[in-house]
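Chains as they are written, first to last, in my numbering: chain A, 164 to 258; chain B, 10 to 103; chain C, 288 to 382; chain D, 197 to 519.
If you're looking for bench data, these hints aren't it; they were derived computationally from the structure. We put the beta carbon where it would ideally sit given N, CA and C, even for glycine. A hint or two may mislead.
[Unchecked claim] Counterexamples of contact, computed for chain A against chain D with all Cβ distances above 10 Å:
(1) 164
(2) 194
(3) 225
[As the list claims (entries may be wrong)] Computed cross-link-like contacts, DMTMM-like style, restricted to lysine to aspartate or glutamate with a CA-CA straight-line distance of at most 20 Å:
(4) 202/A - 328/C
(5) 273/D - 98/B
(6) 202/A - 192/A
[What the hints assert, rightly or not] Here are the in silico distance ranges between beta carbons for each label pair:
(7) 308/C - 36/B: 35 to 43 Å
(8) 198/D - 67/B: 15 to 23 Å
(9) 251/A - 291/D: 21 to 29 Å
(10) 293/D - 297/C: 13 to 21 Å
(11) 67/B - 377/D: 43 to 51 Å
(12) 454/D - 93/B: 47 to 55 Å
Listed below are the residues making up each chain.
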Amino acid sequence: MTNILAVLAIFSGLFFFLSGSIGLLRLPDIFTRLHALAKADNIGLAFIALGVIMLESDILNNIKIVIIWLLVMAASAISSHLVARHALREHRSDD
Amino acid sequence: MISEQLLYSLAGIGLFGIGLRATLLHHMLIPRLLALNVCGAGVFLIFITIAYAGAESRPDAVPHALVLTGIVVAVSATAMSLALGRRLEALNDE
Amino acid sequence: MISGSDLTPILTIALLVALNLLLLSLFIGLIRAWLGPGVEDRFSAILLVGTGGVAVLLLLAILLQLEALYDVALVLALLAVVGTVALTQSEKSHD
Amino acid sequence: MIELLWSVFDLSLVLLLLALAWGTCSTRDVMRAVTLFIAMGLLLAIIWARLKAPDLALAEAVIGAGISGALFLSAIKDYPSTITVSHRTPVLQGLINAFTLALVILMSWAVWHGLNMSDGIRLSDQVVAQAPVSGVSNPVTAVLLNFRAYDTLLELAVVLTAVLTVLTLNDRRYSHVVSSPLLQGMTHWLVPLLVVTSGYLLWVGAHAPGGAFQAGAMLAAAMILLQLAFPSRRQQFSLYLVRFLLVIGIFTFVVVGIWMLLLNDVFLAFDPDWAGTLILIIETMATLSIATALALAYLGGRPMGWEEGARNNSASTENEGAG
Numbered sequence: 164m165t166n167i168l169a170v171l172a173i174f175s176g177l178f179f180f181l182s183g184s185i186g187l188l189r190l191p192d193i194f195t196r197l198h199a200l201a202k203a204d205n206i207g208l209a210f211i212a213l214g215v216i217m218l219e220s221d222i223l224n225n226i227k228i229v230i231i232w233l234l235v236m237a238a239s240a241i242s243s244h245l246v247a248r249h250a251l252r253e254h255r256s257d258d
Numbered sequence: 010m011i012s013e014q015l016l017y018s019l020a021g022i023g024l025f026g027i028g029l030r031a032t033l034l035h036h037m038l039i040p041r042l043l044a045l046n047v048c049g050a051g052v053f054l055i056f057i058t059i060a061y062a063g064a065e066s067r068p069d070a071v072p073h074a075l076v077l078t079g080i081v082v083a084v085s086a087t088a089m090s091l092a093l094g095r096r097l098e099a100l101n102d103e
Numbered sequence: 288m289i290s291g292s293d294l295t296p297i298l299t300i301a302l303l304v305a306l307n308l309l310l311l312s313l314f315i316g317l318i319r320a321w322l323g324p325g326v327e328d329r330f331s332a333i334l335l336v337g338t339g340g341v342a343v344l345l346l347l348a349i350l351l352q353l354e355a356l357y358d359v360a361l362v363l364a365l366l367a368v369v370g371t372v373a374l375t376q377s378e379k380s381h382d
Numbered sequence: 197m198i199e200l201l202w203s204v205f206d207l208s209l210v211l212l213l214l215a216l217a218w219g220t221c222s223t224r225d226v227m228r229a230v231t232l233f234i235a236m237g238l239l240l241a242i243i244w245a246r247l248k249a250p251d252l253a254l255a256e257a258v259i260g261a262g263i264s265g266a267l268f269l270s271a272i273k274d275y276p277s278t279i280t281v282s283h284r285t286p287v288l289q290g291l292i293n294a295f296t297l298a299l300v301i302l303m304s305w306a307v308w309h310g311l312n313m314s315d316g317i318r319l320s321d322q323v324v325a326q327a328p329v330s331g332v333s334n335p336v337t338a339v340l341l342n343f344r345a346y347d348t349l350l351e352l353a354v355v356l357t358a359v360l361t362v363l364t365l366n367d368r369r370y371s372h373v374v375s376s377p378l379l380q381g382m383t384h385w386l387v388p389l390l391v392v393t394s395g396y397l398l399w400v401g402a403h404a405p406g407g408a409f410q411a412g413a414m415l416a417a418a419m420i421l422l423q424l425a426f427p428s429r430r431q432q433f434s435l436y437l438v439r440f441l442l443v444i445g446i447f448t449f450v451v452v453g454i455w456m457l458l459l460n461d462v463f464l465a466f467d468p469d470w471a472g473t474l475i476l477i478i479e480t481m482a483t484l485s486i487a488t489a490l491a492l493a494y495l496g497g498r499p500m501g502w503e504e505g506a507r508n509n510s511a512s513t514e515n516e517g518a519g
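Chain A on its own, in the form it takes in the complex (with noise of 0.2 Å):
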């Protein structure tokens, strides 16, 4: 039962993984591929964070997992805020 509900959770993750990417890929410009990724980064990593943790039975790899998941979750974050700011700086560094 676990072993279905991890499977589950890590397939519907790779759904948004693999989504994000065909939207990096097809998406027009900058702020709209970024908006693609984070999907990818937040929504996807989680699932599949989550089908492992049911996976792992140690208790202590499972706090690993979860600090991993806050970890790129936060990144994710700060790192589009970055890259936005820096692709609007150039744009306007252009005109």
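Position chains B, C and D relative to chain A; hints supplied.
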């Protein structure tokens, strides 16, 4: 099924070849250094493939230690070459 | 420890399929790194590969029964931030 | 079925790796080359994990994806953005191709023999057999810090030499970047986290993947992050301390080595009872040295007031603000 050892060692040799050829062909510093790092990565990959002993058994620790040393030395050498290149540019500008 | 006995063949196959799809997603993202056109587009692709790398490492930790890979995933998540900051803070000095 | 899926995974990893390597080496756009190189570093970390080398995956994640990337990114700041095509004559190009091909064939032959070698002394068996007397249970750490301690000592010397060259040649780079408040806010929790992880990797290195190099690189990443987030802040630390940290690793190593020479008549031969403690001391000091060296290497030269720091440290902090 092809053995994963063969596959990864072929990749290592390929990486080595691609990197070496580009190192010799480029004459600008940064592309050359990037290529040299690719070449080095190929050698590391070959070492680790030889250390790998299949899915069940534990890999050989000696090549792992060697490659770990190699990675740190490679990054130091890269930093040094970049500094040398920058100095050279500054001298040429004068 | 990872609950090794739970790793049934069907679960292994499911995880391997997920691993391959994840790699496909990384590949799609890397096309954007090749195409560019802007620095930001390239780096958003690197961000995706960083997060995808974390996910791949989590799955590999279960599949290969190597606990140490959680540490690698943690380190990768931490270092992805440093990489982005290095990129966005070091721009060409406009004259 | 399982084997087939593993093969598909391996094959895609390898093809992706080769494509990235080819892209890095053949593109004319510097930025594209560096980005693909960083991606290759990330992919290599996955490959080391796949080949059951977590020690290397850790090092590659920090160095390949983090520090080398940061080094190249700061180097291309004032670099022409297009790579000019090679001026090599056709004859020379042919020679280069022939030489590469010859080396690749030679290497394939050597690797083929390496893979098929079944008899002879396997070093891994010896490492496993001797592990109990090394003082640590992680075989990679045992090789690095005990069985092949000479190599590691000389490696620290290589790192020190490289960073001394960097310091001799240039003044540090300056960045004219306005930092983001969000980034500075993040730095307040991320840097402590990086330092704690570094300490964890150092400690865990005795019995699981980790150790001085990974920990040192992690600490260097923390220093680089601080530098990037607060580009205009004057250094709050003494340059004496920096010099001290730069040499402490190799100094401790040599002192322990000579101590063992006096005790056991062999340079760097640790007593089994003491080995664990000695290795931890050496590794801690080496971590500090490696971190300082990599962070200074990232700066690309002497920090502000480096020379004055040697002569009169207290005065230099007052003077350097204008420079």
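Now the hints, each set against the structure:
No Cβ of chain D approaches the Cβ of residue 164/A within 10 Å, the least distance being about 22 Å, so the stated non-interface status holds. Even its closest Cβ contact with chain D, about 17 Å, leaves residue 194/A beyond 10 Å, as expected for a residue assigned away from the interface. At the 10 Å boundary, the C-beta of residue 225/A stays outside the reach of chain D, the nearest C-beta of that chain being 17 Å off. The suggested pairing of residue 202/A with residue 328/C holds, with an alpha-carbon distance near 16 Å, which does not exceed 20 Å.
Our distance criterion of 20 Å between C-alpha atoms is met by residue 273/D and residue 98/B, whose separation comes to about 14 Å. Our distance criterion of 20 Å between C-alpha atoms is met by residue 202/A and residue 192/A, whose separation comes to about 16 Å. Evaluation of the 35 to 43 Å hint for residue 308/C and residue 36/B yields a pass: the beta carbon distance comes to about 42 Å. Between residue 198/D and residue 67/B the beta carbons are some 21 Å apart, a value that agrees with the proposed interval 15 to 23 Å.
One distance hint, 21 to 29 Å for the beta-carbon pair residue 251/A and residue 291/D, is violated here, with the actual separation near 49 Å. Look at residue 293/D against residue 297/C: about 49 Å separates their beta carbons, and that is not inside 13 to 21 Å. Separated by about 49 Å at the C-beta atoms, residue 67/B and residue 377/D satisfy the suggested range of 43 to 51 Å. About 34 Å separates the C-beta atoms of residue 454/D and residue 93/B, a value inconsistent with the hinted range of 47 to 55 Å.
Going through the hint list in order, the structure does not satisfy hints 9, 10 and 12.
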